Amino acid sequence: MIAIPLSHILILASTLFVIGFVGVITRKNTLFILMSLEVMLNAVGVAFIGAGSAWQQADGQVMFILILTLAAAEVALGLALLIQMQRRFKSLDIDLLSKLKG
Amino acid sequence: MISALVELNPLQLTFYSAALLAIVASLKVVTSKNTVHALLYLVVSLLAVAVCFYLMGAPFAAGLEVIVYAGAILVLFVFAIMMFGLGQDETLHAPSVDGSKVNQFSLWFGPFLLALLLLIELVYAISSGEIQARLTANTIDAKQVGILLYGPYVLAVEIASFLLLAGLIGGYHYAKPEGVGLDRKNNLGEHG
Amino acid sequence: MTDNMLPLMTETVLAFLPFYPLISFVLLILLGKRLSWRLAASLSIAAMVLSALSSLFVISQLSVDIPVITSHLWTWFTLSLAEGANQTNQSAASININFYLDGLSAVMISVVTGVGLLIHIFAAAYMKADENFSRFMAYMNLFIVAMLILVLADNLVLLYLGWEGVGLCSFLLIGFWYQEKANVLAARKAFIVTRIGDTALAIGLFILFKELGQLTIVDITQNAQLLWVAGDDKAYWITLLLLGGAVGKSAQLPLQTWLPDAMAGPTPVSALIHAATMVTAGVYLIARMNGLFLLAPEVMNYVAWLGAATLLLAGIAALAQSDIKRVLAYSTMSQIGYMMLSLGAGAFSAGVFHLMTHAFFKALLFLTAGAIIVALHHQQSLFKMGGLLKRLPFETALFAVGLVCLMALPGSSGFFSKEAIIAQLWSSDTAGPLLWYCAIFGALLTSIYSCRLFFLAFMGESRFEQNLQPSSSKLLKFSLIALAVLSLIGGVFANIIEMSLAEVFPLDTRIVESDPYWLHSVAIATPFVGIIFSWFYFASYRSKESAASNKNTFIASSSGIATFCRQGLAFDSFYHWLLVKPYCYLAQLNRRDVFDQLLMLNAWYVGLCHDVLKSSQTGKLRWYAAAIGLATFLLLLVLSVDVISTEAS
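Chains as they are written, first to last, in the numbering used here: chain L, 1 to 102; chain W, 1 to 192; chain V, 1 to 649.
Please keep in mind that the hints were generated in silico from the structure rather than gathered at the bench.
Computed from a predicted structure; not experimentally measured.
Watch out, some of these pointers could steer you wrong.
Claimed, not checked - Each computed SDA-like pair below joins lysine to any residue, with the alpha-carbon atoms no more than 25 Å apart:
no.	chain 1	residue 1	chain 2	residue 2
1	W	K33	V	R622
2	V	K181	V	K614
3	V	K474	V	K189
4	V	K128	V	R622
5	L	K28	V	A482
6	V	K189	V	A626
7	V	K189	V	E298
8	V	K33	V	K189
9	V	K614	V	D593
10	L	K101	V	I628
11	W	K28	V	A482
12	W	K143	L	V44
13	W	K28	L	K101
14	W	K176	L	V44
15	L	K99	W	L76
16	W	K28	L	Q56
17	L	K28	W	K143
18	W	K176	W	K143
19	L	K101	V	A129
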């Protein structure tokens with residue numbers, strides 16, 4: 001039997017997710033936004049693993065691996081974009097990227 | 001509250017403290033002014049989550065978390081910050097009034113403290129017989145994951161591989177110095 | 001050919017009768033200017049000849065034993081009434097393309113094809129130089145098709161098709177020289193004014209179908225006489241609406257204003273459409289629906305009064321015209337007024353007979369006028385003519401023949417028909433002595449304006465300095481002479497027509513003995529009185545000396561009354577003041593269309609939403625992320641509230 005209740009795991013996941021989300025919307029530095037995104041992805045991973053272990057299924061871990069892949073690709077692209085941004089704007093302020101203003 | 005804590009078995013105790021560590025470290029990631037601080041806290045947070053995974057009966061996921069997240073991805077961050085000077089911006093704008101001393105201290109102390117706590121916890125978890133006994137009861141090992149991954153989820157694996165390829169190509173394309181292998185250098189320059 | 005074959009063959013000939021001009025029309029329109037004059041002319045005329053021969057053949061098959069020939073072509077569509085609305089057992093009526101030939105339509109097709117053929121021949125010569133000659137002949141052919149459908153239709157829907165068809169052709173032909181603005185305006189006016197009548201006719205048809213469930217003319221007449229007694233309200237309204245249609249098409253009061261302007265078209269068009277055939281469609285409609293009109297004596301009375309008013313009005317207006325074609329246009333209106341008067345008085349066969357003789361002599365007058373106008377280099381003003389008696393003797397003689405018929409001098413065809421009308425007015429139930437006096441006064445006016453026209457154009461000093469260019473075309477002369485002969489001897493058809501129409505119209509049972517003894521002598525004497533009066537009154541027009549001295553006074557004769565009359569008793573300006581101006585004023589008021597503004601409210605609302613949403617597009621990524629978070633929060637809130645509430649219950 002599982003020792004830790006699923007609800008606690010999900011509370012942990014939600015907490016991490018919200019912390020990451022707060023980071024995304026409060027930080028102006030794009031690098032921090034990227035790191036906050038990592039935290040959020042990680043929180044989702046926690047939720048999957050927790051669910052997997054609650055039902056004793058390996059599917060949760062499979063999903064976690066897929067999330068991991070996603071995170072890796074995302075970081076690769078995100079950092080590359082950050083480098084571009086640093087080159088063009090000499091800054092990482094996300095608010096500078098507002099050409100889509102209506 | 002305290003009585004509730006006492007009633008917890010060692011596994012639960014370890015899990016909750018690791019979870020607490022993860023939350024605190026994540027908070028520090030989000031709130032710290034210094035990029036490198038944040039990265040270090042992120043490492044701690046990921047490691048704490050890895051401990052949680054381990055205690056949830058997913059040692060394979062815990063291993064991947066350490067290797068891929070705390071290892072590969074974070075190294076990517078570190079290299080990007082160091083090689084392209086991405087960290088400068090925030091430190092320049094940070095309201096760091098009182099010189100480098102406090103900065104230097106805070107650069108390593110917080111993450112160190114948290115990592116130490118994590119280490120203690122981990123050692124305890126591994127050495128404690130009771131925890132081990134509880135864990136073996138509901139562990140999902142790598143074999144099960146692998147069977148599932150290359151069985152019903154093989155299509156998802158293929159898609160993930162495409163995603164990684166796209167990430168690779170995209171990362172290469174955006175990160176290479178301007179003008180290398182490009183005929184449209186001038187155009188890009190104008191837009192910049 | 002055996003005797004059994006004959007009816008079948010007659011039906012076939014009848015069925016094909018209107019289609020020869022249609023084929024010619026299609027060919028002419030498709031080939032257009034690629035056809036030479038000779039080819040286009042012979043094509044259209046050949047089609048007319050075929051139609052005329054066919055109609056001669058089918059008319060010759062009519063007899064006392066076979067009063068009606070019908071020819072079923074195909075079923076056009078089927079109409080069904082809504083449940084409960086019908087009063088008869090029949091709930092569906094099939095509308096057929098059926099041709100129905102009786103005495104009345106026989107008269108009409110003989111006029112349409114006969115006069116039409118002669119006018120086609122004339123037009124071929126007259127319009128020879130026009131670059132759009134084949135288009136002109138195509139329209140003329142199409143007109144003949146529409147007119148034949150109109151008169152041969154066995155149901156009112158098919159009749160309406162022909163009715164609209166002739167309206168369309170009239171529009172096309174008045175505006176044939178569309179590069180001149182006046183022509184286009186005249187065409188538009190004719191179309192719009194007749195449309196008022198057409199709408200009335202259409203509404204009449206709707207009501208008729210709703211009430212009787214039939215649109216076949218024979219059935220309508222039978223059913224109406226079974227269902228309604230004389231003076232029935234429904235019959236009253238239906239016939240009133242039909243009269244509206246007839247008034248529009250036949251240029252009677254109050255929709256007469258389009259006809260004088262329609263003279264803008266080429267002269268053969270004026271002859272064919274606006275004198276001989278199309279304008280008589282209204283007369284034909286009333287004559288055709290006589291069974292219905294007899295059920296509404298009040299409307300018959302209106303018809304008579306409308307005709308009388310129109311004939312007087314047009315006669316007075318004709319007195320002051322300076323354009324030769326406009327004089328003839330007004331005289332057409334007045335002659336159709338006679339026909340209407342006759343129909344209103346119940347003298348149907350006299351009216352139809354006058355229709356035929358009028359077609360002959362009015363076509364003659366118009367065509368001769370056309371020949372004169374061409375000879376005078378397109379000079380249409382009477383005051384610029386004069387003395388043409390010597391310079392154009394041939395045309396003068398023909399014109400005089402036409403005028404004699406118009407004035408109804410004894411011996412001419414007009415005499416027989418017009419006297420027949422006038423003779424029946426006095427004792428008619430729906431007319432009476434007052435209308436008889438109107439008709440007599442109209443006859444007087446007719447002779448006066450005819451004399452004025454003749455004196456101005458043909459007598460006195462020549463006021464046209466240039467050399468004349470009389471046309472020497474044999475075609476032209478042939479058609480003119482043929483028409484003149486028809487005009488003169490038209491009276492001999494009187495008995496034939498009366499016989500053939502006896503089957504169509506109810507027998508006249510009135511006692512003629514109540515007429516005063518002097519009626520006929522007065523009617524016969526009236527034109528002579530007019531001639532004598534004008535001989536002295538218009539002496540200056542015919543005398544050479546005064547014409548030479550007063551050359552300018554003719555042109556400038558524009559006293560108030562003369563102008564008033566010349567403008568057709570100012571109906572145009574009256575309508576302009578009554579209808580056009582208020583309409584324009586309303587249009588001006590509503591320039592920023594109210595409904596448009598309602599629609600624009602939509603656009604404004606969309607714009608507002610756009611502005612609101614645009615302001616949300618800050619371009620700031622963090623705001624977007626926050627918005628997503630907020631939305632997720634709200635969604636979860638709604639869901640949890642839902643879950644909680646279901647749990648609570």
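Here is how each hint holds up against the structure:
1. W/K33 - V/R622: 18 Å, holds
2. V/K181 - V/K614: 52 Å, violated
3. V/K474 - V/K189: Violated - the C-alpha atoms of V/K189 and V/K474 are around 36 Å apart, more than 25 Å.
4. V/K128 - V/R622: 83 Å, violated
5. L/K28 - V/A482: 103 Å, violated
6. V/K189 - V/A626: 68 Å, violated
7. V/K189 - V/E298: It is violated: about 31 Å lies between the C-alpha atoms, which goes past 25 Å.
8. V/K33 - V/K189: 29 Å, violated
9. V/K614 - V/D593: 30 Å, violated
10. L/K101 - V/I628: The given pair, whose Cα atoms are some 17 Å apart, holds under the 25 Å limit.
11. W/K28 - V/A482: 116 Å, violated
12. W/K143 - L/V44: 23 Å, holds
13. W/K28 - L/K101: Status violated; Cα separation ~32 Å.
14. W/K176 - L/V44: 32 Å, violated
15. L/K99 - W/L76: Roughly 29 Å between the alpha carbons, so the hint for L/K99 and W/L76 is violated.
16. W/K28 - L/Q56: 33 Å, violated
17. L/K28 - W/K143: 43 Å, violated
18. W/K176 - W/K143: Outside the cut-off at roughly 39 Å; violated.
19. L/K101 - V/A129: Violated, at roughly 70 Å.
Hint violations for this structure: numbers 2, 3, 4, 5, 6, 7, 8, 9, 11, 13, 14, 15, 16, 17, 18, 19, all remaining hints satisfied.
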